[in-house]
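Quick note, the sequences are listed as chains E and P, same order. Every number in this note's numbering is 6 more than the matching position in the first sequence, counting from 1. Every number in this note's numbering is 9 more than the matching position in the second sequence, counting from 1.
Hints were generated in silico from the structure; no laboratory data involved. Each residue gets a CB set at the ideal place from its N, CA and C atoms; glycine is no exception. Not one of these hints is a red herring.
To be clear about the criterion: a stretch of chain P counts as covered by chain E if any three or more of its residues have a C-beta under 8 Å from a C-beta of chain E, and this derived list gives those stretches:
hint, region
1, 67-76
2, 79-92
3, 106-112
4, 198-212
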Amino acid sequence: MDGGGERWQDQLYDLLRRNNVTQFAYVPDAGHRILIDRSLADPAVHSVALTTEEEGVALLAGADLGGARGVLLMQSSGAGNCINMLSLAKGGRFPMLMLLSMRGDFGEGNPWQFPMGQAVEPVLEAMGVIVERVEKPDEVVPTVEAALTMVFQSGNAVAVLLTQKLLGAKAF
Amino acid sequence: MAMRYPQGVDVAAAVAAGFVLDRCEAVPALIGKPDDFLIVTGLAGTARDIAALTHDSAQIYTMAGAMGGAVMIGLGLALARPDKRVLVATGDGEILMNVGALATVAILNPANFSILVVDNGHYGETGWQKSHTSLGVDLEKIAVGSGIKRTRTIAAESELAEGARLLREGNGTAFVVLRVAPAEPPAYKRNFDPAVCRNRFRAALLGNG
Numbered sequence: 007m008d009g010g011g012e013r014w015q016d017q018l019y020d021l022l023r024r025n026n027v028t029q030f031a032y033v034p035d036a037g038h039r040i041l042i043d044r045s046l047a048d049p050a051v052h053s054v055a056l057t058t059e060e061e062g063v064a065l066l067a068g069a070d071l072g073g074a075r076g077v078l079l080m081q082s083s084g085a086g087n088c089i090n091m092l093s094l095a096k097g098g099r100f101p102m103l104m105l106l107s108m109r110g111d112f113g114e115g116n117p118w119q120f121p122m123g124q125a126v127e128p129v130l131e132a133m134g135v136i137v138e139r140v141e142k143p144d145e146v147v148p149t150v151e152a153a154l155t156m157v158f159q160s161g162n163a164v165a166v167l168l169t170q171k172l173l174g175a176k177a178f
Numbered sequence: 010m011a012m013r014y015p016q017g018v019d020v021a022a023a024v025a026a027g028f029v030l031d032r033c034e035a036v037p038a039l040i041g042k043p044d045d046f047l048i049v050t051g052l053a054g055t056a057r058d059i060a061a062l063t064h065d066s067a068q069i070y071t072m073a074g075a076m077g078g079a080v081m082i083g084l085g086l087a088l089a090r091p092d093k094r095v096l097v098a099t100g101d102g103e104i105l106m107n108v109g110a111l112a113t114v115a116i117l118n119p120a121n122f123s124i125l126v127v128d129n130g131h132y133g134e135t136g137w138q139k140s141h142t143s144l145g146v147d148l149e150k151i152a153v154g155s156g157i158k159r160t161r162t163i164a165a166e167s168e169l170a171e172g173a174r175l176l177r178e179g180n181g182t183a184f185v186v187l188r189v190a191p192a193e194p195p196a197y198k199r200n201f202d203p204a205v206c207r208n209r210f211r212a213a214l215l216g217n218g
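For reference, chain P alone in the conformation it holds in the complex (with noise of 0.2 Å):
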């Protein structure tokens, strides 16, 4: 399917800047088989990325708020659940709110923890205005700065098998950028209520306990 590009947004200028994989067919190439995870979205279109994956799995735990806390909801999740690989999906914006977050998972460096930056410049939920990352700002190496040891940023389809492999395999946690074009994610409704999407969350990985 052609992708969906919004109106009013520079789409020359985020080729240009390599901003061009199709997140609907890139972000399901990174992850392969979702069951192999638990997995933290942050909001928008990081939700609707892995709620259509998963047909929004009781794995899965999406936001719609609580902006810049996907990072650390994950790291606590990570800490808790060691004989499990957790992965982190968020957007540009929502880990640009708290960038320090890296920090913090870094000086811990859990094995089996991975972010997924789906980096496509852009605030697409809000009108669409660029973001610091389509203005110069690095992502891979703030987390790099941060202390991060295994990064990798992920423009091009023949990279895809590499990034996929980073966020499965190895020993600290991984960080990806993948960058999209600034184009729609999958339209998907999934369950917006926080509590009974945690109390779904806690039943399938915890049983009644």
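One chain only, chain E, in its complex shape (with noise of 0.2 Å):
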């Protein structure tokens, strides 16, 4: 099981397995790093590199049509590419875990990022996207626990955001 020394983001591989989840679909992004090579080197898994974030929609759409579980993994950036492709959860009820690492918010010094980072919770309820934030490590683990639960127990869209409190903000 978990060790108390081991990285939330080991954690969270491996909650995400014990769940279940073999499609692992992402943009890369920094704040995934961990995720990523973990999917890439796990056999048992499918590690799907995106060339836009609403193609990750789609493919967990795809997914649960076929019985199987999902991840989409993206930056805050990647909110305003999935949009109008949300009409898949929203109209079709598909359940759709995402995990969003944030850029745009505390500490940001990229002027760029700040508005869609600041959009995403707004955009993302827009299109009936259920929305929790995460701050201290120790969350992450219990907080995608209960997404776990709100997407494929209760058939909801649920993005969870690795806020830049949890992640810390890049230097520039």
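Combine both chains into one complex, guided by the hints.
What follows is the structure in structure tokens.
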């Protein structure tokens, strides 16, 4: 089981695998590096590199049609790229688990990141996505565990925001 | 039955460019026995092609929105069910909205996955405006450039058998462009409720799980 000294990122990957998540879709981001690397090294899952985040929304809908579970990993800027495709979640009630590494919030030094970063919550909520924020390492696993239930048991779309309070702001 | 051309479409230009096949005959000929596939369709034309062919069966998932998503829904399904053959049937306009998905498919190259683009060179649902494929864009070349190895463009009846074989066999993802006349797709009223269609599809494939 998860050791006390293990990184939260490894605990998170193990949690997703214990819950039968087998499709890991992503546009690369530093905040998801460990999850992406572990999915690439895991022969029991499909590690799906996307060209744009909306592909991942559609991929997860297809996974669900086939009885499989997936997760979509992206940076906050990718949320905007997903909006119309999230019609699948709201209209089709496809379960949708998204983990977003935030930019354009706490301590951000790149002004280009603010417009989308600050719009993530209202924009996702406008499309019917439930948004949960995580600010401390010991909140990651319980929050994603709750999200897994909300998504795969209750049929929702849930975005867990890994904030810059958790991840730290990128230095410029 | 004779093809029905919408008003205002430049049929002579389409014929000169090789858009001549009747989709109402060519699509069924390419697919053969539809029960051999799980089928995801794009919007409008291809949704009607496949709904008419299968009587809107529970083995198809047709879209009427979320444009640009058909190929990726098919990929997620193909990865989830390597025991089944998955076919995406979509239009030129729908696939043009997200050609990046072809790159995503190519690097995984699932052997149980085929993509059929019914290319009429037009946005038939919105007033028959010309699409990029009427103006020089070649979807097969985009697929090749994306890294998909097994590709074909079918523009004549004599080529249909080869296209049909490609969709059903092989050790990597197949990509077939079916060039058709800019004429009306079959008239068919399918179920438009995306949640009902999801449940129907899952119940047929997965049982009550």
